[in-house]
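First to last, the sequence lines map onto chains A and B. Position one of the first sequence corresponds to residue 1 (our numbering), numbered consecutively onward. Position one of the second sequence corresponds to residue 1 (our numbering), numbered consecutively onward.
Treat the hints with care, as some may be off.
[To be verified] 25 Å max Cα-Cα, derived DSS-like pairs, lysine-lysine:
#, chain 1, residue 1, chain 2, residue 2
1, B, Lys501, B, Lys512
2, A, Lys154, B, Lys103
3, B, Lys103, B, Lys234
4, A, Lys274, B, Lys306
5, B, Lys51, B, Lys306
6, B, Lys142, B, Lys126
7, B, Lys78, B, Lys51
8, B, Lys332, A, Lys274
9, B, Lys126, B, Lys58
Hints were generated in silico from the structure; no laboratory data involved.
Each chain is listed here by its residues.
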Amino acid sequence: MTMTRRAFGIGLIAASALATGGYFYLKDTKYLRQPKPLTGFVGGEKRGFLANPATIAALRGDGFELNARQAGSVEMVREAQILRQDPDFLWPSSSVMVEIAKENSVPIRRAEVILNSPIVVYSWEPVVAGLEAAGLVRRQADGTRTIDLALYLKAVLAGRSWSELGVGDLSGPVRIVSTDPNLSNSGFMFAGLVANLLAGEVTQQSQLRALSGDIGALFHHMGFKSNSSGSLFEDYIAGGPGVYPMAVLYENQLIEWALEDGARWQRVMAGSAKPVLLYPAPTVYSAHPLISLKPAADALIGTLLSPALQEIAWSSHGFRGPLGSPGAAAGAGQPTIPEKLTAIVPMPEAKVMLDILQLLS
Amino acid sequence: MARVRHAAALAVLFGLLVALSGCGSQPGPSFDIVSGSENQPLEALVQEFCKERRATCKMTYQGSLDIGLGLRPGQDVKYDAVWPASGIWIAMFDSGRRVSALKSISQSPVVLGVRSSKAEALGWTKAPVAMADILAAVESGKLRFLMTSATQSNSGASAYIAMLSAALGSKAVITESNLSGASADLAARLLRGVERSSGSSGWLADLYLSSAEKGVVYDAMWNYEAVIKEANDKLRGAGRELLWAVYPSDGVSMADSPLGFVERGRGPEVKQFFDDLQAWLLSSAGQARIAATGRRVPADRAAPAKPEPDWNFDPQRLVTAVPMPEPEVIRKALVLYQEALRRPSLSVLCLDFSGSMKGDGESALQRAMEFLLTPERAAEVLVQWSPRDRIIVLPFNGQVINAWEGTGQPADQMKILEGVRTMHADGGTDMYACATEGLRRMQALAGMQDYLPAIFVLTDGRSDGDPEAFVNGMSAGERAVPIFGITFGDADRGQLDAIAKASGGRVFDGTKDLTGAFRSARGYN
Chain A
1 MTMTRRAFGI GLIAASALAT GGYFYLKDTK YLRQPKPLTG FVGGEKRGFL ANPATIAALR
61 GDGFELNARQ AGSVEMVREA QILRQDPDFL WPSSSVMVEI AKENSVPIRR AEVILNSPIV
121 VYSWEPVVAG LEAAGLVRRQ ADGTRTIDLA LYLKAVLAGR SWSELGVGDL SGPVRIVSTD
181 PNLSNSGFMF AGLVANLLAG EVTQQSQLRA LSGDIGALFH HMGFKSNSSG SLFEDYIAGG
241 PGVYPMAVLY ENQLIEWALE DGARWQRVMA GSAKPVLLYP APTVYSAHPL ISLKPAADAL
301 IGTLLSPALQ EIAWSSHGFR GPLGSPGAAA GAGQPTIPEK LTAIVPMPEA KVMLDILQLL
361 S
Chain B
1 MARVRHAAAL AVLFGLLVAL SGCGSQPGPS FDIVSGSENQ PLEALVQEFC KERRATCKMT
61 YQGSLDIGLG LRPGQDVKYD AVWPASGIWI AMFDSGRRVS ALKSISQSPV VLGVRSSKAE
121 ALGWTKAPVA MADILAAVES GKLRFLMTSA TQSNSGASAY IAMLSAALGS KAVITESNLS
181 GASADLAARL LRGVERSSGS SGWLADLYLS SAEKGVVYDA MWNYEAVIKE ANDKLRGAGR
241 ELLWAVYPSD GVSMADSPLG FVERGRGPEV KQFFDDLQAW LLSSAGQARI AATGRRVPAD
301 RAAPAKPEPD WNFDPQRLVT AVPMPEPEVI RKALVLYQEA LRRPSLSVLC LDFSGSMKGD
361 GESALQRAME FLLTPERAAE VLVQWSPRDR IIVLPFNGQV INAWEGTGQP ADQMKILEGV
421 RTMHADGGTD MYACATEGLR RMQALAGMQD YLPAIFVLTD GRSDGDPEAF VNGMSAGERA
481 VPIFGITFGD ADRGQLDAIA KASGGRVFDG TKDLTGAFRS ARGYN
């Protein structure tokens, strides 16, 4: 059958009418709506989540297209250079940043926690076995392990040796390393946690003078500190227990890494040096508050809190929801994590944290 | 569900990669990598990937400190990727953060490889060895070792940091306060054991091997575990004694060999090529090849090389790493090494002022000497002299035409420099006459055994005389002094090579950058 020119013409008109009608019909639905481009600054640990095609598609579905530039959480709320670029939103990795932003007169419209990930200590099976025997690490009923971090920090300050703490495979004094608190949020959070543990409560400004020697010594004796959580994680994996026996990072980094390549995770767990997450009790939550600075970004908060995006954040990147609970149960091919963290201590207030940063700079 | 989508996305990405890398596609980019010399055995792996992608890859080898210095703000970076022995050099110098996507490709501890019979005699093959044991062996005259310059090469810097750390006791890491007192004292005493130095770990291993062939057997060398393995593979092949690996029980420095991308605006294809190269090196197949060389890789990536108990090698053995100090502390520690702690050097500089040097050659030489003998300028790149060093400068043409001697004190350096400034090119060329005079002056110096001696011959042409006759005329003591050549213009490299080879020296090309050549050469003395 051949199509006449007339039939072809009619067909074209019909198709075009359909397309036009369809466009008007669909234009305000999520299928055709032109996404709103929003520019903002985001901590590097959420890079994987925001680059995930599923995340991009879900955001587009709600009419958003994010141009997220990477910046350190501390710098994004206080560096004039960043704020001068007139961002639509900021997405740091700690609630303290909202307070610091307020103090710096950043024009906050809304701020809400989207994701959470606790600060944990990354160690290795042979090291943990020793610490467990020494009573510093406890195995919980759910298979996860907690560490008495206050006691461990005291051992570091006292210059105790690995063998004194039950770890015969390592020599020399015990240690722990985090990222640089002035450059990276996980180190910043750890500094807050250290201050709290040394104070025995949420640190107040009045206590800081008495604690500054110990806080300074702990960070000073880490030696070289990485400037990002991502690179410290890479170094931890590559270096193994001899180089990074104890490193402070976010819980989600190991989950994300395990999810990224299931076969790799199986190989790791079959080896002798297995990564182990130690949960300090109490620990601090790295909350990820989205700070909206422009009306156009207000609705982004709701979208990021939608079940679809929360599910992607959990099942592909290991971020817990705003209340700290994980998504659907963790699968067998993933690190063992606690369902709920009961011992969470708030970070010291912004003023105290700024003083600690000053002390450690 | 999200996992399925994730997997689907990965599959698409993989398909894209395969399509991009397929035969008949566009040729890949030209790609320049600057790397530490210890990565030489891995170049074939890199080139294989480049060939498959039809890319033109070039690997240039430099000391880690030079790689770091090249990243300082304001420097024109000539490379697309950096691959130093340790990430610390990037952290120290790349303050403009031009390097990104830095990932460790493999790890290797810096260990002391000791000739097996020596290790056995010292009782080191049966029990753990602490830095204090090494010190006792050095101080009783039972052990001397080869070690690269801490201010030019990562393996030397790593050994030096491990030495400083060994006196820390209950502290985990060196801080500024340790740069005087017990730590510095221990390092200085250990460094008296240095028999030969160099600016490159790969070259140091070659020196050990070529000397062994000639019957000169050194006791030991500080080098990467993987480089000791390469040396032992060759020693085993030649039926010679192996090097026993000593892992000081106080902790060893671990080299993490990171590969990073240098952004210099060459577009997304070049970045993509880098990402693919890095992913290939980190893939199970790439890591298996790397692990087979004795480098350590995480267990999930590939199986480690087989243990070789006859030299104490087991890449699965857990070793405690010495933590890297803060970059500012390392910087100060390196200055301390260069200006005070290293074994002092005794250097003869033979400078060609023959007629053919007239014009450009003469002015390049004057500039190089201005750099080398101006403390502030030499200190910028950590090749400054220490007051304990001895410097002998001999300008020559057909004969030695002048001579200045002094210590590394700034006033002495200035006096020598003023002398050099008065020189003008003229006459014939006889470098042997100068080298002979240099050797004579060295032997005449009291306490010569306290110094690390070397002769540097800069020349631009064919010399009168004959290398063979010169070498044959040297006494055994004179032959222990390495002679380094620095070429300029159309120098006859053959003559310099012959005397460098006979004396365990090497030849540097000063044609393009005479100052740079002198600076590199300083790392060997």
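We went through each hint and held it up to the structure:
Annotation: proposed proximity of Lys501 (chain B) to Lys512 (chain B) holds, straight-line Cα distance about 23 Å (limit 25 Å). Only pairs whose Cα atoms come within 25 Å are accepted, and Lys154 (chain A) paired with Lys103 (chain B) is rejected, the gap being roughly 33 Å. With a C-alpha separation of about 30 Å, the suggested pairing of Lys103 (chain B) with Lys234 (chain B) is violated against the 25 Å cut-off. Distance hint between Lys274 (chain A) and Lys306 (chain B) is fulfilled; the C-alpha atoms sit about 21 Å from each other, no more than 25 Å.
Proposed proximity of Lys51 (chain B) and Lys306 (chain B) is contradicted: the alpha carbons are some 30 Å apart, above 25 Å. Distance check on the hinted pair: Lys142 (chain B) and Lys126 (chain B) sit about 18 Å apart at the alpha-carbon level, within 25 Å; holds. This hinted pair checks out: Lys78 (chain B) and Lys51 (chain B) have alpha carbons roughly 22 Å apart, not beyond 25 Å. A threshold of 25 Å between alpha carbons decides the hint, and for Lys332 (chain B) with Lys274 (chain A) the separation of about 37 Å lies outside it, so the pair is violated.
Straight-line distance between C-alpha atoms of Lys126 (chain B) and Lys58 (chain B) comes to about 44 Å, which puts the hinted pair past the 25 Å bound.
Of the numbered hints listed earlier, those contradicted by the structure are 2, 3, 5, 8 and 9.
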